[in-house]
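Number of protein chains: 2
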Amino acid sequence: MKMSNMLVSTLREVPAEAEIDSHKLMLRAGMIRKMAAGVYNYMPIGLKVLKNVEDIVREEMNAAGAQEFLASALLPAELWQESGRWDVYGAELFRLKDRGSREFCLGPTHEEVFTDIARNEIKSYKQLPVNLYQIQTKYRDERRPRFGVMRSREFIMKDAYSFDKDQAGLDLSYDKMHDAYVKIFNRCGIDAKCVAADSGAIGGSNSAEFMVKSEVGEDDVVFCTCCDYAANIEKAPSTPDVAETEELKDMVKTETPNARTIEDLVKFFNTTEKKFAKTLIFNADGKIVAVMVRGDREVNEVKVSNALGGVVDLNMATAEEVFAATNAKVGFAGPVGIKVDALLVDEEVSKMFNFIVGANETGYHLENVNYGRDFEGTVGDFRNITIGEKCPECGGEVTIARGTEVGHIFKLGTKYSEAMNATFIDENGKNVPFVMGCYGIGVTRTMASIIEQHHDENGIVWPLSVAPYHVSVIPVNIKDEAQMEIANKLYNELRAMGVDAILDDRNERPGVKFKDSELIGIPMRVTVGKKITDGEVEFKLRDGEMEVIKIDSVLDTVKAQFEKQGVRL
Amino acid sequence: MKMSNMLVSTLREVPAEAEIDSHKLMLRAGMIRKMAAGVYNYMPIGLKVLKNVEDIVREEMNAAGAQEFLASALLPAELWQESGRWDVYGAELFRLKDRGSREFCLGPTHEEVFTDIARNEIKSYKQLPVNLYQIQTKYRDERRPRFGVMRSREFIMKDAYSFDKDQAGLDLSYDKMHDAYVKIFNRCGIDAKCVAADSGAIGGSNSAEFMVKSEVGEDDVVFCTCCDYAANIEKAPSTPDVAETEELKDMVKTETPNARTIEDLVKFFNTTEKKFAKTLIFNADGKIVAVMVRGDREVNEVKVSNALGGVVDLNMATAEEVFAATNAKVGFAGPVGIKVDALLVDEEVSKMFNFIVGANETGYHLENVNYGRDFEGTVGDFRNITIGEKCPECGGEVTIARGTEVGHIFKLGTKYSEAMNATFIDENGKNVPFVMGCYGIGVTRTMASIIEQHHDENGIVWPLSVAPYHVSVIPVNIKDEAQMEIANKLYNELRAMGVDAILDDRNERPGVKFKDSELIGIPMRVTVGKKITDGEVEFKLRDGEMEVIKIDSVLDTVKAQFEKQGVRL
Chain A
1 MKMSNMLVST LREVPAEAEI DSHKLMLRAG MIRKMAAGVY NYMPIGLKVL
51 KNVEDIVREE MNAAGAQEFL ASALLPAELW QESGRWDVYG AELFRLKDRG
101 SREFCLGPTH EEVFTDIARN EIKSYKQLPV NLYQIQTKYR DERRPRFGVM
151 RSREFIMKDA YSFDKDQAGL DLSYDKMHDA YVKIFNRCGI DAKCVAADSG
201 AIGGSNSAEF MVKSEVGEDD VVFCTCCDYA ANIEKAPSTP DVAETEELKD
251 MVKTETPNAR TIEDLVKFFN TTEKKFAKTL IFNADGKIVA VMVRGDREVN
301 EVKVSNALGG VVDLNMATAE EVFAATNAKV GFAGPVGIKV DALLVDEEVS
351 KMFNFIVGAN ETGYHLENVN YGRDFEGTVG DFRNITIGEK CPECGGEVTI
401 ARGTEVGHIF KLGTKYSEAM NATFIDENGK NVPFVMGCYG IGVTRTMASI
451 IEQHHDENGI VWPLSVAPYH VSVIPVNIKD EAQMEIANKL YNELRAMGVD
501 AILDDRNERP GVKFKDSELI GIPMRVTVGK KITDGEVEFK LRDGEMEVIK
551 IDSVLDTVKA QFEKQGVRL
Chain B
1 MKMSNMLVST LREVPAEAEI DSHKLMLRAG MIRKMAAGVY NYMPIGLKVL
51 KNVEDIVREE MNAAGAQEFL ASALLPAELW QESGRWDVYG AELFRLKDRG
101 SREFCLGPTH EEVFTDIARN EIKSYKQLPV NLYQIQTKYR DERRPRFGVM
151 RSREFIMKDA YSFDKDQAGL DLSYDKMHDA YVKIFNRCGI DAKCVAADSG
201 AIGGSNSAEF MVKSEVGEDD VVFCTCCDYA ANIEKAPSTP DVAETEELKD
251 MVKTETPNAR TIEDLVKFFN TTEKKFAKTL IFNADGKIVA VMVRGDREVN
301 EVKVSNALGG VVDLNMATAE EVFAATNAKV GFAGPVGIKV DALLVDEEVS
351 KMFNFIVGAN ETGYHLENVN YGRDFEGTVG DFRNITIGEK CPECGGEVTI
401 ARGTEVGHIF KLGTKYSEAM NATFIDENGK NVPFVMGCYG IGVTRTMASI
451 IEQHHDENGI VWPLSVAPYH VSVIPVNIKD EAQMEIANKL YNELRAMGVD
501 AILDDRNERP GVKFKDSELI GIPMRVTVGK KITDGEVEFK LRDGEMEVIK
551 IDSVLDTVKA QFEKQGVRL
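Quick mapping for you: the protein sequence lines, in order, are chains A and B.
Note that full-length UniProt numbering has the first sequence beginning at 1, numbered continuously upward.
Note that full-length UniProt numbering has the second sequence beginning at 1, numbered continuously upward.
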């Protein structure tokens, strides 16, 4: 395209609304504009990148044998009532009514729809396996939309759903999707690590996330420093730190006025956090649950939820609920005599000696408490792993980094097919539920993640595979006929080769054109200036040095970059 | 693709929910499935056609210099309040609130969004013209969704918005879109006629619709039998039928018990409908308006609305409102002594002599009424043109046919840019509003219209340009290794040529495969059977006769079809 005909919306200033690099650059390069909190318009350059990412996803999904489908975004409540999610999905669901007062939601995910399609269209095991996917707009009314399209309320997702006749089939479908995802993220030029994940509220048996490391990521990812192990902190098992054996002392109630936090108590008792066991009280779908971890540990809510058989709403208990359970103000809860529906004790706590806990009496704590002698509960892993703990695979040390989830693959099993009575006739003539998997990629988030990994102080540095344009041809002086003639000729020849070139024929200074080209992140730049009298132009990779090359070698030089980066022309 | 891996959802039975051919065939061919009233899922085969139509639209829009954009479907109320449409857009608008109780709608059209983008991004006349388009999901809560995707509540539309510095620029942008639309519908293989249309509630100065003739169309289109004139009936001007001159007689009040309809009155007075003038009473945005047309004519509400300066809500008056205006029951309204905010008199009525009207008294009519002597009002064209009237262009006879609108091009002028203060700096350094045009194509409706024009008793007959697959390769006996080898070879060679071929390797009888291929509407079929021993296969165009051809001429035969139909390989 000729830039004189384009709506170029680059900004020199860094917009105040943006916090992270990808968001700033998407605004500055004129890729997106905000419509409302977490709702964006895609400007022409942004949409071009989005379509390129979509095409990569589409090609790899098709190559893996999946078929593209397109479901409605407007979903009737009845379908969600059938799966049981209508009532449990909270404020994240955009709900609305039509003119006849029938209830709908805007789909945040489409398990119900695809399960419904399968039960209507697939009758026999002979038709299996089937993998259907779509690239579609999703809606989630996030409590805190932020970071541009990284966490938005309207976003584009590729979601796929596989239907198999048995677990072995699902395993195969899952592995195919895993491999397709590796290819997709590779082709997009991002380093996305596949990490073990918890199955979460969506249900099912096995799941992995594709994470990109990012300081602004919303997940903690545990990596082994020795082996390939990687897992979401939600999932990574902790290893109990075994305290040195002590003789059991008599339990003592001690007045601890004004000391309610672990910090206060450490001072008061002049000891370390490790000598305490915290008792945190939750409301888990209406049940009151206490969870004990060592004073320096963090409760892992996913592990807690799973131990309780899957909790939809897990919240810290209110002061009233704490009082009902402990007969004390917040800050004095402990396991001895507590009135709760369940008491979960982190394994580490069960192996401590003579530790300090709240006394369930305002202003008091108990010293020399011991598990088994003084209280009992459900022992398990209820805390987050910490840096330096043992890798569950090799025993090496783990480290933790922030990450952003760009993809998720998930063995759902029969959770939805059973709930929605989605069955097929198997080899024995019996009606059995589909064994399902689901597989998501945040397409708009992937686009932002590519920028997070590919930018510098001047702008975006697109991998060729997803770049909005491949080559920018810049005549230095548009009033110079010879320069314009060569620039036009190169532009047309590149386009005839299948290269998506732009000609910056705007009446602007070369500096402005260079800055725009770098900000937008076009991988190659051909500058047509005075050197044409020597038959030469300047060639520059976005992240390389400027070289002077012969005019008649431009096409080959560009072609070589496509070959080098493995991008088809 | 190999059909053994495809989700094939063809139906032998005609689904009860469908009334028109395209809807029946889209269901039977497994292209769409209903999710809710007017809300559909696109199955793999349906989506392939949809994408093909989209690609044609995209190519021609790009060729016309438009740039693709993607706006959110979730639109904040504020933007619609600015244009004034939030309060006047009725029940068709899906409205919802987010978790913070902020109001949103699901966009039924995007004038506000694109005007907002233009005012933020375009500063100077130097950047003009700009034409931005999107292919996007739209939402309209239709009172009566029907005919499948022909009139649905969630549908895909291409909408474009042009921004020019003046009317001459808009004229050029509009003409470019007209030409692009002609190419698009031609390439899609449908006969769509460009007809003059009313500007309607959307406002503006000039507009045309692309209509396909259809018995189930929701518009009446007026065609001249002599020249090229074509217009929506909303727009086509009528020509007053001039009655023979009579001497004015004295007005007489006559008791007409039990006669309230024109039919009753024709009997009662033993005369013809042409001797009556009907007085219809409307509520037009709260004002009470009476409209008079000859007894055998129909009021044209669009003409009425335009005469009143644009009415948002035009409804027949209630019995109470009629009584307030006429002091009589419904059926006795007339112009003499009526109490209304406006009295609109069709020109034809103003030229009648000694006609009969309601007396504004229950049970009475007035005879020998004459315009000018007995009452006065605003004279104009307020009725529908009828078959046989004069063409406004050439004076020939017009005819009327039902049609479905697949596209609409529209000169908006400065309606939105003025309302939303969207201005740029012109050559003289002055801030002036953009001169806008908007241009829509119903993409999903176009797909259905193609089927309406291309089907037979066995199924769909896709034009090659939009067909879900180009060629179906059918081995007669999948257990015959020689047949399978040749079928596979042809399948692979066709795909290597860029032909989207499918191999029907399902374990089904040939009859089933032929039926599916015809129902889905694949343009070419290559049947690999016993004749391979003579080096031959059967070749059949979907709408042609079966021929026996040499195996090694298959590729050329297929290629020739692409050339013949002008479709690029």
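In short, the hints are calculated from the structure, not lab data.
Incorrect hints may appear among the rest.
Repeated chains share a single entry, so a pair holds when one copy, or any two copies, can fit it.
Below, a list of computed lysine to any residue pairs in the SDA-like style, where the Cα atoms sit at most 20 Å apart [claimed, not checked]: (1) 51 - 62; (2) 123 - 3; (3) 126 - 4; (4) 51 - 68; (5) 415 - 21; (6) 126 - 429; (7) 123 - 318; (8) 24 - 63; (9) 34 - 76; (10) 51 - 423; (11) 274 - 90; (12) 479 - 255; (13) 34 - 323; (14) 275 - 21; (15) 287 - 88; (16) 253 - 171; (17) 213 - 497; (18) 390 - 266; (19) 274 - 240; (20) 34 - 121; (21) 97 - 77; (22) 515 - 121; (23) 48 - 386; (24) 329 - 21; (25) 275 - 342; (26) 274 - 481; (27) 430 - 4; (28) 479 - 514.
Okay, the hints, checked on the actual structure:
{"no.": "1", "hint": "51 - 62", "result": "both (16 Å within a copy, 15 Å between copies)"}
{"no.": "2", "hint": "123 - 3", "result": "between (54 Å within a copy, 16 Å between copies)"}
{"no.": "3", "hint": "126 - 4", "result": "between (57 Å within a copy, 9 Å between copies)"}
{"no.": "4", "hint": "51 - 68", "result": "both (15 Å within a copy, 11 Å between copies)"}
{"no.": "5", "hint": "415 - 21", "result": "neither (40 Å within a copy, 39 Å between copies)"}
{"no.": "6", "hint": "126 - 429", "result": "within (12 Å within a copy, 72 Å between copies)"}
{"no.": "7", "hint": "123 - 318", "result": "neither (50 Å within a copy, 54 Å between copies)"}
{"no.": "8", "hint": "24 - 63", "result": "neither (35 Å within a copy, 32 Å between copies)"}
{"no.": "9", "hint": "34 - 76", "result": "between (29 Å within a copy, 11 Å between copies)"}
{"no.": "10", "hint": "51 - 423", "result": "neither (36 Å within a copy, 31 Å between copies)"}
{"no.": "11", "hint": "274 - 90", "result": "neither (37 Å within a copy, 65 Å between copies)"}
{"no.": "12", "hint": "479 - 255", "result": "neither (88 Å within a copy, 87 Å between copies)"}
{"no.": "13", "hint": "34 - 323", "result": "neither (45 Å within a copy, 53 Å between copies)"}
{"no.": "14", "hint": "275 - 21", "result": "neither (43 Å within a copy, 78 Å between copies)"}
{"no.": "15", "hint": "287 - 88", "result": "within (15 Å within a copy, 48 Å between copies)"}
{"no.": "16", "hint": "253 - 171", "result": "neither (55 Å within a copy, 89 Å between copies)"}
{"no.": "17", "hint": "213 - 497", "result": "neither (37 Å within a copy, 42 Å between copies)"}
{"no.": "18", "hint": "390 - 266", "result": "neither (27 Å within a copy, 99 Å between copies)"}
{"no.": "19", "hint": "274 - 240", "result": "within (12 Å within a copy, 98 Å between copies)"}
{"no.": "20", "hint": "34 - 121", "result": "between (40 Å within a copy, 13 Å between copies)"}
{"no.": "21", "hint": "97 - 77", "result": "both (10 Å within a copy, 17 Å between copies)"}
{"no.": "22", "hint": "515 - 121", "result": "between (54 Å within a copy, 18 Å between copies)"}
{"no.": "23", "hint": "48 - 386", "result": "neither (42 Å within a copy, 49 Å between copies)"}
{"no.": "24", "hint": "329 - 21", "result": "neither (44 Å within a copy, 72 Å between copies)"}
{"no.": "25", "hint": "275 - 342", "result": "neither (23 Å within a copy, 89 Å between copies)"}
{"no.": "26", "hint": "274 - 481", "result": "neither (78 Å within a copy, 73 Å between copies)"}
{"no.": "27", "hint": "430 - 4", "result": "neither (66 Å within a copy, 22 Å between copies)"}
{"no.": "28", "hint": "479 - 514", "result": "within (18 Å within a copy, 63 Å between copies)"}
This entry does not satisfy hints 5, 7, 8, 10, 11, 12, 13, 14, 16, 17, 18, 23, 24, 25, 26 and 27, going by the numbered hints stated previously.
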